[in-house]
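Colleague: Chain by chain, the residues:
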Amino acid sequence: MPSMGFDMTEGKVSRWLKNIGDAVTRNETIGEIETEKATVDLTAPVDGVFAQILVQPGETVPVNTPIAVIAAQGEQVGAPAAAPTEKQKEAAPPTATETPSQELRDAAAPKPMQAQTAPATPSPSPNGERIKASPLAKNIARENGIDLSLLQGTGPNGRIIERDVKAFLQTGAPVMPSAPATKPAPVTPAVKPTPAAAPTQLVAGEQALSKMRQVIARRLLESKQNVPHYYLTMEIFMDEAMKLRAQLNAMAANDAEKLSVNDLIIAAVGRTLKNFPQVNAYFKGDKMEMHAHINVSVAVAVEDGLLTPVLHNADQKSLKQIAVETKDLAARARANKMKPEDLGPGTFSVSNLGMYGIDEFAAIINPPESSILAVGAVKKVPVVINDSIQVAQVMKVTLSADHRIVDGALGAQFLQALKKLLENPINLVLS
Amino acid sequence: MADLQITYRDALKEAMREALKRDNNVVIMGEEVGVWGGTYAVTRGLYDEFGGHRVIDTPIAEMGIVGVATGAAMGGMKPIAEIMTINFALVAIDQIVNNTAKIHSMFGGTMRAPVVIRTAAGWGQLAATHSQSFEAWFAHVPGLIVVMPSTPYDAKGLLTTALYSQNPVIFIEHSRLYGEKGAVPEGEFRVPFGVADVKRAGTDLTIITYSRMVHVALHAADELVKQGIEVQVVDLRSLRPLDWDTVLNSVRKTHRALVLTEDWMTYGVSAEIAARISRDAFDDLDAPVERLTQEEVPLPYAPNLEQLSFPDEARVVEKVKAMLA
Chain A
1 MPSMGFDMTE
11 GKVSRWLKNI
21 GDAVTRNETI
31 GEIETEKATV
41 DLTAPVDGVF
51 AQILVQPGET
61 VPVNTPIAVI
71 AAQGEQVGAP
81 AAAPTEKQKE
91 AAPPTATETP
101 SQELRDAAAP
111 KPMQAQTAPA
121 TPSPSPNGER
131 IKASPLAKNI
141 ARENGIDLSL
151 LQGTGPNGRI
161 IERDVKAFLQ
171 TGAPVMPSAP
181 ATKPAPVTPA
191 VKPTPAAAPT
201 QLVAGEQALS
211 KMRQVIARRL
221 LESKQNVPHY
231 YLTMEIFMDE
241 AMKLRAQLNA
251 MAANDAEKLS
261 VNDLIIAAVG
271 RTLKNFPQVN
281 AYFKGDKMEM
291 HAHINVSVAV
301 AVEDGLLTPV
311 LHNADQKSLK
321 QIAVETKDLA
331 ARARANKMKP
341 EDLGPGTFSV
351 SNLGMYGIDE
361 FAAIINPPES
371 SILAVGAVKK
381 VPVVINDSIQ
391 VAQVMKVTLS
401 ADHRIVDGAL
411 GAQFLQALKK
421 LLENPINLVL
431 S
Chain B
1 MADLQITYRD
11 ALKEAMREAL
21 KRDNNVVIMG
31 EEVGVWGGTY
41 AVTRGLYDEF
51 GGHRVIDTPI
61 AEMGIVGVAT
71 GAAMGGMKPI
81 AEIMTINFAL
91 VAIDQIVNNT
101 AKIHSMFGGT
111 MRAPVVIRTA
121 AGWGQLAATH
131 SQSFEAWFAH
141 VPGLIVVMPS
151 TPYDAKGLLT
161 TALYSQNPVI
171 FIEHSRLYGE
181 KGAVPEGEFR
191 VPFGVADVKR
201 AGTDLTIITY
211 SRMVHVALHA
221 ADELVKQGIE
231 VQVVDLRSLR
241 PLDWDTVLNS
251 VRKTHRALVL
261 TEDWMTYGVS
271 AEIAARISRD
281 AFDDLDAPVE
291 RLTQEEVPLP
301 YAPNLEQLSF
311 PDEARVVEKV
321 KAMLA
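First to last, the sequence lines map onto chains A and B. Anchor point for the first sequence: position 33 equals 33 in this note's numbering, and the numbering is continuous, going up by one each time. Anchor point for the second sequence: position 33 equals 33 in this note's numbering, and the numbering is continuous, going up by one each time.
Honestly, the hints are just simulated from the structure, not real lab data. One or more of the hints may lead you astray.
With a straight-line cut-off of 27 angstroms between C-alpha atoms, the simulated DSSO-like cross-links for lysine-lysine are [stated by the list, open to error]:
{"id": "1", "chain 1": "B", "residue 1": "K253", "chain 2": "A", "residue 2": "K132"}
{"id": "2", "chain 1": "A", "residue 1": "K132", "chain 2": "A", "residue 2": "K166"}
{"id": "3", "chain 1": "B", "residue 1": "K102", "chain 2": "A", "residue 2": "K132"}
{"id": "4", "chain 1": "B", "residue 1": "K319", "chain 2": "B", "residue 2": "K226"}
{"id": "5", "chain 1": "A", "residue 1": "K166", "chain 2": "B", "residue 2": "K253"}
{"id": "6", "chain 1": "A", "residue 1": "K396", "chain 2": "A", "residue 2": "K258"}
{"id": "7", "chain 1": "A", "residue 1": "K243", "chain 2": "A", "residue 2": "K380"}
{"id": "8", "chain 1": "A", "residue 1": "K18", "chain 2": "A", "residue 2": "K339"}
{"id": "9", "chain 1": "B", "residue 1": "K199", "chain 2": "B", "residue 2": "K226"}
{"id": "10", "chain 1": "A", "residue 1": "K211", "chain 2": "A", "residue 2": "K337"}
{"id": "11", "chain 1": "B", "residue 1": "K321", "chain 2": "A", "residue 2": "K132"}
{"id": "12", "chain 1": "B", "residue 1": "K319", "chain 2": "A", "residue 2": "K166"}
{"id": "13", "chain 1": "A", "residue 1": "K274", "chain 2": "A", "residue 2": "K419"}
{"id": "14", "chain 1": "B", "residue 1": "K321", "chain 2": "A", "residue 2": "K166"}
{"id": "15", "chain 1": "B", "residue 1": "K199", "chain 2": "B", "residue 2": "K253"}
{"id": "16", "chain 1": "A", "residue 1": "K166", "chain 2": "B", "residue 2": "K226"}
Here are a few chain B residues that sit away from chain A, every Cβ distance over 12 angstroms (derived from the structure) [said to hold, decoys possible]:
{"id": "17", "residue": "R22"}
{"id": "18", "residue": "G75"}
{"id": "19", "residue": "R200"}
{"id": "20", "residue": "D284"}
Partial selection, computed: residues in chain A whose CB lies under 7 angstroms from chain B [claimed, not checked]:
{"id": "21", "residue": "P135"}
{"id": "22", "residue": "L136"}
{"id": "23", "residue": "E143"}
{"id": "24", "residue": "I161"}
{"id": "25", "residue": "T398"}
Cβ atoms here follow ideal geometry from the backbone N, Cα and C, with glycine treated the same way.
In isolation and in its complexed conformation, chain B is listed as follows:
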């Protein structure tokens, strides 16, 4: 079928619509996901199409949302629990870490909790408590799958895979990507977990990144190529499981690695990736693995300071040039 140019938001909605049609066990539950259509309008229209018993508005109680969804999943349903933003997932972290992630192991393999927890990372004058990147917190936990798509295509393909998965999935969207348009095939298709995507091929340096930072890396790569520097951009797409083969093969080709993330540096996603590269591609490295991440501060509200807190195209260009100097 033909590809459509649709937004990241609509790509996600398409994946859910197809699942709601296909499988009566699929339900969506969360704060304002029904009548209002979702804070980021991802579920807009689904309440009208499928009704309040399939697209369920819940109280403002994240612990309850995840608990109910996990229990429903154990009972054979396929719930999509929407946590409005990842900041609110902290309220439900005990359910996610101590129940959802462990059901399969602690019941000796007899139970499963294949819940899909959709949530949004992102920022934009939302201030310190509503602008955080907690992917490392969840990717730390055995038993969870953590994915972070960067494009409409990956968003739909990964969400479809999540909706078929037998394991709990933390599906982290990005609020600043919802309007991003891209080609997405009509109908069902899947992007597998644990398979990274080389979004741009290059020979001089590898940028390992995911989610919104993929776009920052690609823009920086456009600028760098004018200066004769070819960077390879690896979009991880899923953080757990992580496609080490693609990461390491890329570093073995370019001999330099920059990990670019929107979370904080200390104990962050970049720490794990840098450690693995340093060990497994040690003899192929021509320079230390470098990291570019959010500044280690609670995010300021003032837009100028907020902008300064994140790696942008200019800073990526500067960093890459320094690494190749």
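Chain A with its partners taken away, still in its complex shape:
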């Protein structure tokens, strides 16, 4: 299972495109891998014969687990080359010149423990305290989708035990201890539509979170909780940039080469970042990590979620290249057909809601990046120029930055430079 990104720990084989015995050539697509973020093509690392499938479609395995065998022409493939799992190691009999009799072996080597079921998710109560519940009670609660914080434990020390969960399952109401409950009454029901009636009628429907949404939830919460964000907003006059865009688009050979406003911004961001290595960096605990490349993550809305495919080396690409590649990137993201390199690593994000008429907004940093630029709509507004009121095309951008490595003044200087470049856009063509 290849790693498709620094934060990828496991992946699912969605399907194999080759049959056993098929010849494969290097870089040929042989299957599809589903990561937490996207489905990506799996390409053959070498020429050879597709000899063995070790991981079936639908199975999820950790990164670096062998998933298939490509043999050289004519090579005989034996047993799977999979490394022994921990369990297999544990179960392996001790080596000895002569094994002792069964009864002694039983005495010496207790049977490996039963496969453990996944631990119950610790459910913090609404006020954040740890909920005391027996492992069995947690187990039953998990199987039935019951939120333990709704229950009142009647076991020792207020522990929630089996009878409490079973009573809740039967009646939909907590077992009431003799003393009145001190907990505030819960407002959100947490029971799945089970045979037991839900305690209230607030819920109209439920939907399990997709893997992507779980990732979005986890990563953005992590970011907002752990990264000290601050926000800088700046107006950028876009008349010149819009003029340039119109000129270039008039010359475009085809639709793919046509520039969007966002392409201009990506180009400007890439070129500006060259002079701001500290913005193009990750905070890494006791150090900051500056990057050799400027890879711009482009936020793309997709069905039921958001992806941030990466445009590599944005500073070095021409406007035309950027126009072509970002279109391609967005199309692949929407089609759930991202390539491994599309997944990153990004070094700076751009999120644009201008097409929805949003004036300005503040975005959440996409970790481990240090900054994200939120782009609003380009609008004609009255502005004061040389003491007279004129009409100008103005766009507001908001930089969200990680204060641990990007201080306010640095962020402001970055925006100044970006503004200067977009207001003198000929430099986008020249650089």
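Fit chain B to the given chain A structure using the hints.
Modeller: Chain B alone, transformed into the frame defined by chain A:
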């Protein structure tokens, strides 16, 4: 063949008599096992029946008894070494742990020391140095098999298995069980090592125990059933190997476990059992694993204090009710 109602003592004697008849390599050796018939009269009559070359009186020298028996076993004999009580096994513990238990491994599998060391746990105004429960000390050691039967049936069946075993066996009897009667088949039969016995089925709580405490648990269970509580009593029978499947399956059914032992709690047999249950049946537990053991004191001589030092029926009942409260 028909079952006989015989005592635990006679059940043991029957197993040895059958072995002495069957196999000339079987000898019994120990202090006063011959002419006197054994301190607890377990070997009474065997000296007369088989003679002094098969039932051998030894000097009072436990280290020597175990050493000679281990050497004889290595040489192909099948000795039964009787250590009068487990308290005296401490004198021989170097032989047992550093020789008997390790012969097979340290000789690269070429030698065996299939000695059966019979000894008695128990108490009854024998005072602090003669009333101890050291099963955990031996069950701790890889290379030894440790069994502790609770009934005449198990006593005979386990001792027969020990007399066929190729490994050293620490066979721990209980002085207060020798007079216990029960049904035992005539003739040879075996109870395998590492197979626990559910002595009573129940649904509300599992008591895991062995030896004399099985009887305490069964009496408590009789009392508890009157109060609507059904406990399951698992008799381990052998401590090493231990039948984890039966223990864990029982706990997975009842969701509560009480380990009841006559040894001390700290680092005792109950510690190992509680640890394993907590790990391997974690998701099935509805309450912490509890233990009821001997009080952690050198056993008093005074009978009232002595009684207070051990779990009895009333205390088991009380504990079980507390666990189900």
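Colleague: Run every hint past the structure and note whether it holds.
Modeller: Verification of the hints:
Of the pairs offered as hints, the one joining B/K253 and A/K132 holds, with about 22 angstroms between alpha carbons and a cut-off of 27 angstroms not exceeded. Distance check on the hinted pair: A/K132 and A/K166 sit about 16 angstroms apart at the alpha-carbon level, within 27 angstroms; holds. A threshold of 27 angstroms between alpha carbons decides the hint, and for B/K102 with A/K132 the separation of about 46 angstroms lies outside it, so the pair is violated. Proposed proximity of B/K319 and B/K226 is supported: the alpha carbons are some 16 angstroms apart, at most 27 angstroms.
Between A/K166 and B/K253 the CA atoms are separated by roughly 16 angstroms; this keeps the pair inside 27 angstroms, and the hint holds. Distance restraint check for A/K396 and A/K258: the Cα-Cα separation of roughly 23 angstroms lies within the 27 angstroms cut-off, and the hinted pair is therefore satisfied. Simply put, A/K243 and A/K380 have alpha-carbon atoms about 14 angstroms apart, close enough for the 27 angstroms limit, and the pair holds. Restraint check for A/K18 and A/K339: the C-alpha separation of about 18 angstroms stays at or below 27 angstroms, so the hint holds.
Annotation: proposed proximity of B/K199 to B/K226 holds, straight-line Cα distance about 18 angstroms (limit 27 angstroms). Straight-line distance between C-alpha atoms of A/K211 and A/K337 comes to about 16 angstroms, which keeps the hinted pair within the 27 angstroms bound. For the proposed pair B/K321 and A/K132, the alpha carbon gap of about 21 angstroms is at most 27 angstroms, so the pair holds. With a CA separation close to 24 angstroms, the supplied pair B/K319 and A/K166 stays within the 27 angstroms bound.
Distance check on the hinted pair: A/K274 and A/K419 sit about 15 angstroms apart at the alpha-carbon level, within 27 angstroms; holds. Pair hint B/K321 plus A/K166 holds up; C-alpha atoms about 21 angstroms apart against a cutoff of 27 angstroms. Between B/K199 and B/K253, the direct Cα distance comes to roughly 16 angstroms. Compliance with the 27 angstroms bound is thereby established for this hinted pair. Simply put, A/K166 and B/K226 have alpha-carbon atoms about 25 angstroms apart, close enough for the 27 angstroms limit, and the pair holds.
Consistency note on B/R22: stated as away from chain A, and its beta-carbon is indeed over 12 angstroms from all of that chain's, at 20 angstroms minimum. Consistency note on B/G75: stated as away from chain A, and its beta-carbon is indeed over 12 angstroms from all of that chain's, at 19 angstroms minimum. At roughly 22 angstroms from the closest C-beta of chain A, the C-beta of B/R200 stays outside 12 angstroms, upholding its exclusion from the interface. A beta-carbon of chain A is positioned within 12 angstroms of the beta-carbon of B/D284; the least distance is around 6 angstroms.
The interface hint given for A/P135 holds, since its Cβ lies 5 angstroms from the closest Cβ of chain B, which is under the 7 angstroms cut-off. Because the closest C-beta pair between A/L136 and chain B is about 4 angstroms apart, less than 7 angstroms, the hint holds. Here the hint on A/E143 is broken, as its CB sits about 10 angstroms from the closest CB of chain B, past 7 angstroms. With a least beta-carbon distance of about 5 angstroms to chain B, the hint placing A/I161 at the interface is held under the 7 angstroms criterion.
For A/T398, the interface hint is violated, the least distance from its beta-carbon to any beta-carbon of chain B being 48 angstroms, above 7 angstroms.
The structure fails hints 3, 20, 23, 25 (numbered hints given earlier, in ascending order).
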